[in-house]
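> The lines below spell out each chain.
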Amino acid sequence: MIGIVVVSHSRALAEAAVLLASEMTDPDNRPVIKVAAGLDDQTFGTDAAAVSEAIAAADGGDGVLVLLDLGSAVLSAEMALEFLDPEVAQRVRLSSAPLVEGLVGAAVAAGAGADLATAADEAEQGLVAKTQHLGTGTPAGGPRPDGPGEGAGPLSDADGGDGASAPGASGAGSASAQDGSDGESLTAQLVVSAPHGLHARPAARFVREVGAHPQVRVAVRNLDRGGGAVDARSLTGIATLDARQGHRLEVTATGPGAAVLLEELARLAGTGFGDLEPPAGPARTAQRAGAPTVSPARGPARGRAAAQGPAPGDAGSSTGPTFGLDAAVGRVVRADGRVSLDSYHAGDAVHELAALDRAVQQAREELAELVTRTSEQLGADEAAVFDAHLAMLDDPALQDPVRDGIRSGQSAPEAVTTRTAELRQQFEGLSDPYQRERGADVTSVGDRVLHALSGGGEVRREAPGILVVQELDPATAVLLDLRETLGVITVGGGATGHGVLLARARGVPVMTGAAAVRDVGDGTLVAFDARSGRLVVDPDLEVRGEFEALLADRASARRRMLEAANDPAVTLDGTRVLVKANVASVDDAGLAAGCGAEGSGLVRTEALFGDWETAPSVAEQVRAFERIAEELSGAMITIRTWDVGGDKPLPFHPQPVEANPFLGRRGLRAFRDDPSLLVDQLEAVCRVAREQRVRVMFPMVTTVEEVDWALARLDEAAGRLPEERPDALEVGIMIEVPAAALRPESLSALLDFVSIGTNDLTQYTLAAERGSPTVAELADVADPAVLRLIHETVTGVAEGVDVCLCGDAASDPDLALLLVGLGVSELSATAASVPAVKDALRRVTLTDLQDLAARALRADSAADVRELARRVGSSQSAS
Amino acid sequence: MATLQSFTDWIADYAGVVRDQADYLTDLDRAIGDADHGANMARGMGKVALLTEQEEFTAIDAYLKKVGMSLVSNVGGASGPLYGTFFLRMAGAFTGVEEAGVTEVAAGLRAGVEGILARGKAEVGDKTMYDAWAPALEAFDSAVGSGSDLAAALAAAAEAAAKGRDETEGLVARKGRASYLGERSRGHIDPGATSSTMLLESAARTLA
Numbered sequence: 001m002i003g004i005v006v007v008s009h010s011r012a013l014a015e016a017a018v019l020l021a022s023e024m025t026d027p028d029n030r031p032v033i034k035v036a037a038g039l040d041d042q043t044f045g046t047d048a049a050a051v052s053e054a055i056a057a058a059d060g061g062d063g064v065l066v067l068l069d070l071g072s073a074v075l076s077a078e079m080a081l082e083f084l085d086p087e088v089a090q091r092v093r094l095s096s097a098p099l100v101e102g103l104v105g106a107a108v109a110a111g112a113g114a115d116l117a118t119a120a121d122e123a124e125q126g127l128v129a130k131t132q133h134l135g136t137g138t139p140a141g142g143p144r145p146d147g148p149g150e151g152a153g154p155l156s157d158a159d160g161g162d163g164a165s166a167p168g169a170s171g172a173g174s175a176s177a178q179d180g181s182d183g184e185s186l187t188a189q190l191v192v193s194a195p196h197g198l199h200a201r202p203a204a205r206f207v208r209e210v211g212a213h214p215q216v217r218v219a220v221r222n223l224d225r226g227g228g229a230v231d232a233r234s235l236t237g238i239a240t241l242d243a244r245q246g247h248r249l250e251v252t253a254t255g256p257g258a259a260v261l262l263e264e265l266a267r268l269a270g271t272g273f274g275d276l277e278p279p280a281g282p283a284r285t286a287q288r289a290g291a292p293t294v295s296p297a298r299g300p301a302r303g304r305a306a307a308q309g310p311a312p313g314d315a316g317s318s319t320g321p322t323f324g325l326d327a328a329v330g331r332v333v334r335a336d337g338r339v340s341l342d343s344y345h346a347g348d349a350v351h352e353l354a355a356l357d358r359a360v361q362q363a364r365e366e367l368a369e370l371v372t373r374t375s376e377q378l379g380a381d382e383a384a385v386f387d388a389h390l391a392m393l394d395d396p397a398l399q400d401p402v403r404d405g406i407r408s409g410q411s412a413p414e415a416v417t418t419r420t421a422e423l424r425q426q427f428e429g430l431s432d433p434y435q436r437e438r439g440a441d442v443t444s445v446g447d448r449v450l451h452a453l454s455g456g457g458e459v460r461r462e463a464p465g466i467l468v469v470q471e472l473d474p475a476t477a478v479l480l481d482l483r484e485t486l487g488v489i490t491v492g493g494g495a496t497g498h499g500v501l502l503a504r505a506r507g508v509p510v511m512t513g514a515a516a517v518r519d520v521g522d523g524t525l526v527a528f529d530a531r532s533g534r535l536v537v538d539p540d541l542e543v544r545g546e547f548e549a550l551l552a553d554r555a556s557a558r559r560r561m562l563e564a565a566n567d568p569a570v571t572l573d574g575t576r577v578l579v580k581a582n583v584a585s586v587d588d589a590g591l592a593a594g595c596g597a598e599g600s601g602l603v604r605t606e607a608l609f610g611d612w613e614t615a616p617s618v619a620e621q622v623r624a625f626e627r628i629a630e631e632l633s634g635a636m637i638t639i640r641t642w643d644v645g646g647d648k649p650l651p652f653h654p655q656p657v658e659a660n661p662f663l664g665r666r667g668l669r670a671f672r673d674d675p676s677l678l679v680d681q682l683e684a685v686c687r688v689a690r691e692q693r694v695r696v697m698f699p700m701v702t703t704v705e706e707v708d709w710a711l712a713r714l715d716e717a718a719g720r721l722p723e724e725r726p727d728a729l730e731v732g733i734m735i736e737v738p739a740a741a742l743r744p745e746s747l748s749a750l751l752d753f754v755s756i757g758t759n760d761l762t763q764y765t766l767a768a769e770r771g772s773p774t775v776a777e778l779a780d781v782a783d784p785a786v787l788r789l790i791h792e793t794v795t796g797v798a799e800g801v802d803v804c805l806c807g808d809a810a811s812d813p814d815l816a817l818l819l820v821g822l823g824v825s826e827l828s829a830t831a832a833s834v835p836a837v838k839d840a841l842r843r844v845t846l847t848d849l850q851d852l853a854a855r856a857l858r859a860d861s862a863a864d865v866r867e868l869a870r871r872v873g874s875s876q877s878a879s
Numbered sequence: 001m002a003t004l005q006s007f008t009d010w011i012a013d014y015a016g017v018v019r020d021q022a023d024y025l026t027d028l029d030r031a032i033g034d035a036d037h038g039a040n041m042a043r044g045m046g047k048v049a050l051l052t053e054q055e056e057f058t059a060i061d062a063y064l065k066k067v068g069m070s071l072v073s074n075v076g077g078a079s080g081p082l083y084g085t086f087f088l089r090m091a092g093a094f095t096g097v098e099e100a101g102v103t104e105v106a107a108g109l110r111a112g113v114e115g116i117l118a119r120g121k122a123e124v125g126d127k128t129m130y131d132a133w134a135p136a137l138e139a140f141d142s143a144v145g146s147g148s149d150l151a152a153a154l155a156a157a158a159e160a161a162a163k164g165r166d167e168t169e170g171l172v173a174r175k176g177r178a179s180y181l182g183e184r185s186r187g188h189i190d191p192g193a194t195s196s197t198m199l200l201e202s203a204a205r206t207l208a
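In order, the protein sequence lines correspond to chains A and B. For the first sequence, the working numbering assigns the number 879 to the last residue and increments by one with no breaks. For the second sequence, the working numbering assigns the number 208 to the last residue and increments by one with no breaks.
Quick caveat, the hints were computed from the structure, so don't treat them as lab data. Worth double-checking, as some hints may not be accurate.
Pulled a few chain B residues facing chain A out of the computed Cβ check, cut under 8 Å [said to hold, decoys possible]:
#1 M1
#2 L82
#3 G84
Only pairs whose alpha carbons sit at most 20 Å apart, straight line, appear in this in silico EDC-like list of lysine to aspartate or glutamate [said to hold, decoys possible]:
#4 B/K175 x A/D394
#5 B/K175 x A/D40
#6 B/K66 x A/D553
#7 B/K121 x A/D553
#8 B/K175 x A/D400
#9 B/K121 x A/E82
#10 B/K175 x A/E78
#11 B/K47 x A/D231
#12 B/K163 x A/D357
#13 B/K121 x A/D231
#14 B/K65 x B/D9
#15 B/K65 x A/E82
#16 B/K175 x B/E159
#17 B/K121 x A/D394
#18 B/K47 x A/D40
#19 B/K65 x A/D85
#20 B/K175 x A/D573
#21 B/K121 x A/D85
#22 B/K121 x A/D404
#23 B/K65 x B/D20
#24 B/K65 x A/D404
#25 B/K65 x A/E53
#26 B/K121 x A/D357
#27 B/K175 x A/E53
#28 B/K175 x A/D85
#29 B/K66 x A/E53
Cβ coordinates follow ideal geometry from the N, Cα and C atoms, glycine included.
Just need the whole structure built from these sequences, with the hints factored in.
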């Protein structure tokens with residue numbers, strides 16, 4: 001039979017507990033229970049030597065279970081194990097069970113012949129039983145559905161924002177009256193209302209809230225996924241719950257303040273753990289809509305200044321030396337996590353722990369700085385990534401094993417590397433893609449700590465170089481130091497990822513999917529030309545000469561273009577082509593104006609308000625649209641209605657999870673059930689149209705019925721205005737579904753214009769997801785099949801309908817020429833590419849371009865098309 | 001050079017300090033703990049101070065081992081196993097050492113602090129005695145690195161410990177009884193960091 005030892009500060013307490021347990025055991029089969037408690041009968045305290053003696057006395061060879069009260073009891077018992085004969089010590093188990101309940105459970109089990117492990121389990125159950133009992137019994141509980149069906153009523157209104165079913169205010173209030181005892185344990189059920197489930201940001205918020213109550217232990221289970229409970233202090237733990245929108249979480253909190261914490265968590269659950277939080281909206285209005293034209297931090301071309309200021313490449317220019325050149329020659333700067341720790345000298349555990357503390361602190365400061373900079377430059381949404389990194393940095397699931405590793409002899413870098421690799425694996429095993437991506441975040445956090453350990457200051461590049469990354473995320477793209485970044489090469493990743501688009505918009509040459517540089521080391525010379533796709537590692541003198549000449553040509557062409565940026569684009573044979581810019585913010589509009597954009601062919605409203613937690617009001621939208629129009633000096637702006645779904649979630653219009661979101665309810669489709677947000681937006685558009693030149697267009701239209709429905713919504717919105725719908729308001733749709741491209745006439749019969757969205761049209765035509773690196777090569781807008789659909793559209797639209805184009809293809813000067821040759825009358829490109837597109841158009845005749853288009857339509861491959869277009873484009877610019 | 005006599009002087013000095021400051025330590029512990037640190041330490045060190053009267057010691061390590069065991073059994077609170085471990089581990093570093101120079105003391109302190117770390121599983125910033133020990137150890141090592149003698153190194157360690165102790169005032173406790181108070185533990189100096197600083201200050205007075 002196993003023996004039991006009770007360790008307590010108080011001898012009286014321990015002896016009474018033993019009496020209580022003895023009452024419940026058979027006198028003939030009672031285990032030996034020894035007490036090591038108090039320094040004497042009166043003095044509270046624990047004594048490791050006494051504990052070790054008690055264990056030795058209780059040991060009959062079958063093992064000893066030690067039950068403890070708190071604080072020094074634990075330390076003394078641990079120390080006692082060191083005093084014992086190792087052979088005895090290895091059959092001793094220290095129990096984390098509550099003293100009285102655990103002792104009773106263990107004594108009964110031991111008396112019944114249980115072995116050490118079983119008795120230890122039995123002791124732990126003592127707490128579970130009480131937890132469950134009080135959890136169901138608290139007034140906070142409310143109705144607790146046993147299954148999804150029964151609970152559908154109160155739980156299914158997650159969209160309404162009232163996600164928490166318990167505890168209610170009164171319940172929490174009465175629960176907190178019992179507050180203050182150590183063992184109090186309460187249970188509540190929360191529903192995940194965050195649109196994307198408990199992904200990084202809401203999970204971090206959850207963990208932070210729990211972390212603010214250090215004395216409460218909190219365990220969480222996902223009732224809908226099953227599985228065990230996880231420690232709510234651990235971000236990783238929360239992530240492994242794989243909690244999606246609508247899932248029910250059972251939260252068990254134990255300790256003083258448990259009720260308060262549960263109440264707070266319930267309140268947070270109601271806001272989607274911050275994802276649906278209301279106060280963020282108005283604050284952002286002030287920042288976005290109220291910001292001055294172009295903030296200096298934002299970027300490269302600096303709008304008007306760039307057109308008149310020093311030429312790109314000049315020393316002291318705020319733009320990069322390769323701004324807008326799409327090519328670069330320079331030395332590789334790897335930023336894909338390779339930190340050199342060759343010179344790291346590991347010390348003993350104390351030294352390593354201190355080094356870790358310093359490194360973590362440095363990482364913390366860097367991340368805090370990043371949060372600030374990113375929210376200033378990009379918005380709160382992007383900054384949330386670094387908020388999540390901060391939470392991950394302080395996650396016990398990361399730090400505790402690292403510290404344990406160090407204590408057991410690893411160096412700090414070894415321990416960090418080991419643990420981050422393990423964590424990354426855990427994340428990558430999850431089913432939710434949002435969560436899987438957190439694996440990359442773990443690596444990023446780990447690398448930051450390793451970098452700090454290696455003695456590095458903040459990650460900075462000494463000399464201008466070509467950044468090599470696995471993939472380019474938006475935050476990195478926006479934070480690229482333009483004076484130090486000659487270019488970016490991504491090893492994986494497609495050409496239309498958001499980070500790539502952002503970097504290009506800032507004028508940084510970006511080469512994507514270049515597997516050839518996967519193993520190229522830091523400092524290697526590399527030359528690339530993103531326009532032709534040519535990349536040379538370690539170029540010889542001759543090749544370098546070629547690239548230098550190319551860069552010089554493009555730089556002088558660029559200067560020339562910038563000088564003429566504000567002139568219209570008229571072909572040599574007199575055809576005027578409007579070149580507009582795609583904008584996602586008021587700042588973008590300022591930049592676009594500076595680059596000579598003649599209005600905006602695409603205002604991405606879902607991006608403009610993408611970091612709002614709640615829907616902007618009509619007035620807020622009016623204000624933002626007006627600001628954009630004003631930045632563009634009153635030129636026509638084309639407002640695209642909310643384009644949500646696919647890869648563009650909108651916090652205030654959450655979409656159900658679909659197996660294939662790109663083929664699901666995105667764009668206009670997402671508003672068919674509840675058009676209220678859409679109608680509000682259309683009202684804002686109508687109001688702006690009274691004063692400004694405005695177009696409105698609907699995304700993701702497939703059928704005529706959808707056009708009719710959209711027009712009816714527009715009428716509904718116009719009906720809210722005192723006067724009729726403004727005549728000047730032009731109405732159109734996006735052509736981005738192949739079906740729409742094939743029936744442009746019936747779709748456009750009642751419209752003023754259509755605008756071809758080449759990114760989606762390409763992915764749908766070639767059945768190749770735009771963001772996926774594995775099929776990036778297939779998803780080429782230059783594919784003749786896509787061009788034929790554009791041709792169908794241009795030739796098929798109803799009489800008098802303008803055909804515009806607002807995809808990324810318009811930003812590539814060669815392709816822009818081809819598109820004009822196909823008959824597109826208006827292009828909307830990234831702001832930075834407007835001068836080059838205009839310049840290209842001025843050097844050709846429309847006849848040349850029509851000839852190019854005819855040949856391209858007959859070509860066999862995208863590569864052939866690009867080659868044809870390149871020849872027309874470059875032969876003209878060389879002349 | 002620190003001899004056995006230096007170590008017994010150290011312990012005697014510290015016992016005196018703790019006795020004199022018992023009320024102060026208890027007051028600190030009253031604010032954020034269970035108001036027994038001063039009494040516990042005074043009781044434990046009182047017993048320890050009697051060791052040299054009860055027994056004749058001939059080696060530093062044997063003496064320190066006895067000090068550690070005596071603390072383990074007589075302090076009562078968490079400080080018992082923590083200080084006990086400190087002295088027991090320190091003793092291990094002095095095996096065969098009759099005169100401890102700066103190198104030996106460095107090794108002894110390091111072993112002792114590692115013991116505290118292993119026992120308490122605390123980290124810097126948890127508002128524990130480790131917040132005094134960690135900077136102290138670093139200061140000691142860096143003083144040694146720049147050629148200081150034992151006296152100067154101990155003085156530097158004591159000074160760093162005092163700074164660490166003072167900084168616990170702004171921290172929220174994450175370990176021990178004080179952690180039950182959460183935010184309310186802020187604004188009070190940690191008693192353990194205080195008694196640890198006293199131990200180092202005693203060392204600076206007596207060991208070199």
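> Against the structure, test the hints numbered earlier, and report the numbers of the ones violated in rising order.
1, 5, 6, 7, 11, 16, 20, 21, 23, 24, 27 and 28
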